[in-house]
Amino acid sequence: MSDSVAMEAASFYDGLLTDGLAGPMHEQFADAMRARKLLFGDRLRCNVLRPRFIGERTYQEVQRGAVVVTRALTSLHDRLARSAELRQELGVPPLIEAFANLDGGTAVDPIVGRLDGLLDTTGSIQFIEYNPIPGASIEVDELADIFRELPPMRRLAERYDCYAPPTRPPLMEALRRSTAQMGVGARPPGVAIVGVIAAKNQPSIDTLQQFLQQQGAPVRVASPVDDWELLPEGLHVGGTRVDVLVFPYIATALELVTRHSARHPVVEAVRSGRAFILNGMFRSMLLGSKQLFALLSDPECAHLGDPELIAEARSYVPWTRRVREGKTIHEGRKVDLLEHVREHRERFVLKPEHGTGGEGVVLGRECSAEDWEAALERARAVPHVVQERVETPRESYPVPSVEGLRFEEHHSDLNPYVWSDSSVSGCMVRLAKGALLNMNAAGSMTPLFVIRGRR
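What the sequence shown shows, in numbering that gives the first Met the number 0, is residues 0 to 454, in sequence order.
Treat the hints with care, as some may be off.
[Said to hold, decoys possible] Restricting the straight-line Cα-Cα distance to at most 30 Å, the calculated cross-link-like pairs of lysine-lysine (DSSO-like) are:
id	residue 1	residue 2
1	LYS326	LYS289
2	LYS432	LYS289
3	LYS36	LYS199
4	LYS432	LYS36
5	LYS432	LYS199
6	LYS289	LYS199
7	LYS333	LYS289
[Claimed, not checked] What follows is a set of in silico ranges between Cβ atoms, one per label pair, in the way DEER data are often shown:
id	residue 1	residue 2	range
8	SER422	PHE11	29 to 35 Å
9	ASP335	GLU228	56 to 62 Å
10	GLY90	TYR248	40 to 46 Å
Rather than coming from a laboratory, the hints here were simulated on the basis of the structure. C-beta: ideal position from N, C-alpha, C; glycine also.
Based on the sequences and whatever the hints tell you, model everything.
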């Protein structure tokens with residue numbers, strides 16, 4: 000099925016909305032989000048009245064590409080994890096070495112990662128970065144649940160065969176698979192969420208905690224200075240057995256291994272394999288480096304991982320390079336990297352090698368030549384990558400307002416969750432009026448529904 004039927008479904012859905020329906024519907028929608036704590040700080044997670052629709056063939060290609068790119072990234076990670084010398088040669092930040100001694104040798108499978116991607120103007124998926132500690136996986140399903148109960152979505156489901164790819168079941172399946180490798184057995188794994196949670200992220204942590212508890216998993220929010228104990232039967236905090244440690248912020252894990260004793264019960268438990276950090280902290284730090292996308296993109300670096308996987312993954316990532324002096328190949332032509340990026344700023348984006356929330360990202364098209372030059376100078380001093388901008392079409396979404404229903408143009412992304420490095424189910428979709436798609440930049444979420452065809 001082509002995405003033309005998805006576009007037709009969106010048009011049908013939008014045609015069901017009227018000013019008379021949109022007001023009460025938005026009240027119902029907003030009340031449901033508040034009841035489920037689907038908030039970013041004090042903002043509602045979703046501020047539009049329609050999900051994103053795509054065709055099944057497009058979703059299947061997103062799934063395929065996400066698995067290929069994740070496996071290629073994992074092949075690079077495996078090589079880097081074995082060689083401190085190679086990490087140093089590539090300029091991997093020294094702080095990562097603190098985690099190499101913590102869980103660099105873990106044999107427990109990762110649970111979940113998220114690739115952030117964009118559908119370009121041809122409808123092809125391009126993945127621009129990897130998030131090794133992804134948020135909002137539960138919220139994706141919760142938003143889909145709310146939309147299913149809205150009148151336009153019920154009418155649409157009568158005419159079109161559609162579904163929202165789930166995230167909650169694969170999360171529990173991946174969690175059980177990983178804890179089984181530790182010998183946890185049939186009992187629900189105990190989970191500790193470690194760190195002081197920023198107010199804007201507290202609703203998301205509450206949602207995760209509530210979901211895991213509903214699945215029978217004991218969950219405790221704790222800090223490194225709480226009453227941790229490593230007993231013969233396992234790691235405990237405040238009387239709760241802990242098998243899985245979730246660090247929403249890498250800074251908390253860094254504090255644990257640098258400021259606290261190596262004999263801290265958490266450190267001893269992770270090193271001895273009696274507890275594990277979600278996705279592995281050493282693994283997360285390596286895979287969170289945007290430089291890995293430069294290694295995927297540059298054919299001269301294919302030998303650093305599985306060459307066949309990397310060659311296949313290259314079609315799913317935009318041209319990316321680490322910012323530094325020297326020559327490189329762009330569109331088949333050898334160019335001076337800095338000079339080329341300076342002269343064609345509208346085609347490129349600068350990103351810190353490590354960082355989340357859109358912090359430090361500079362869009363060449365959105366800034367002056369002087370600001371771009373200043374950004375390039377910063378990028379030479381602190382590790383950055385430069386990435387070719389992915390051109391994406393904008394889409395109109397219904398938005399409630401005090402004047403009534405409006406339709407506003409939005410940019411959108413498509414960010415699949417990859418479970419245990421082997422399967423894809425569910426996508427986070429962010430919307431924004433500007434080109435920077437991030438919740439920190441006043442963005443919005445909406446769920447993804449896949450349209451199989453007409454009934």
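Okay, the hints, checked on the actual structure:
no., hint, result
1, LYS326 / LYS289, "20 Å, holds"
2, LYS432 / LYS289, "25 Å, holds"
3, LYS36 / LYS199, "12 Å, holds"
4, LYS432 / LYS36, "24 Å, holds"
5, LYS432 / LYS199, "21 Å, holds"
6, LYS289 / LYS199, "25 Å, holds"
7, LYS333 / LYS289, "23 Å, holds"
8, SER422 / PHE11: 29 to 35 Å, "31 Å, holds"
9, ASP335 / GLU228: 56 to 62 Å, "58 Å, holds"
10, GLY90 / TYR248: 40 to 46 Å, "23 Å, violated"
Hint compliance for this structure: hint 10 is the single one not met.
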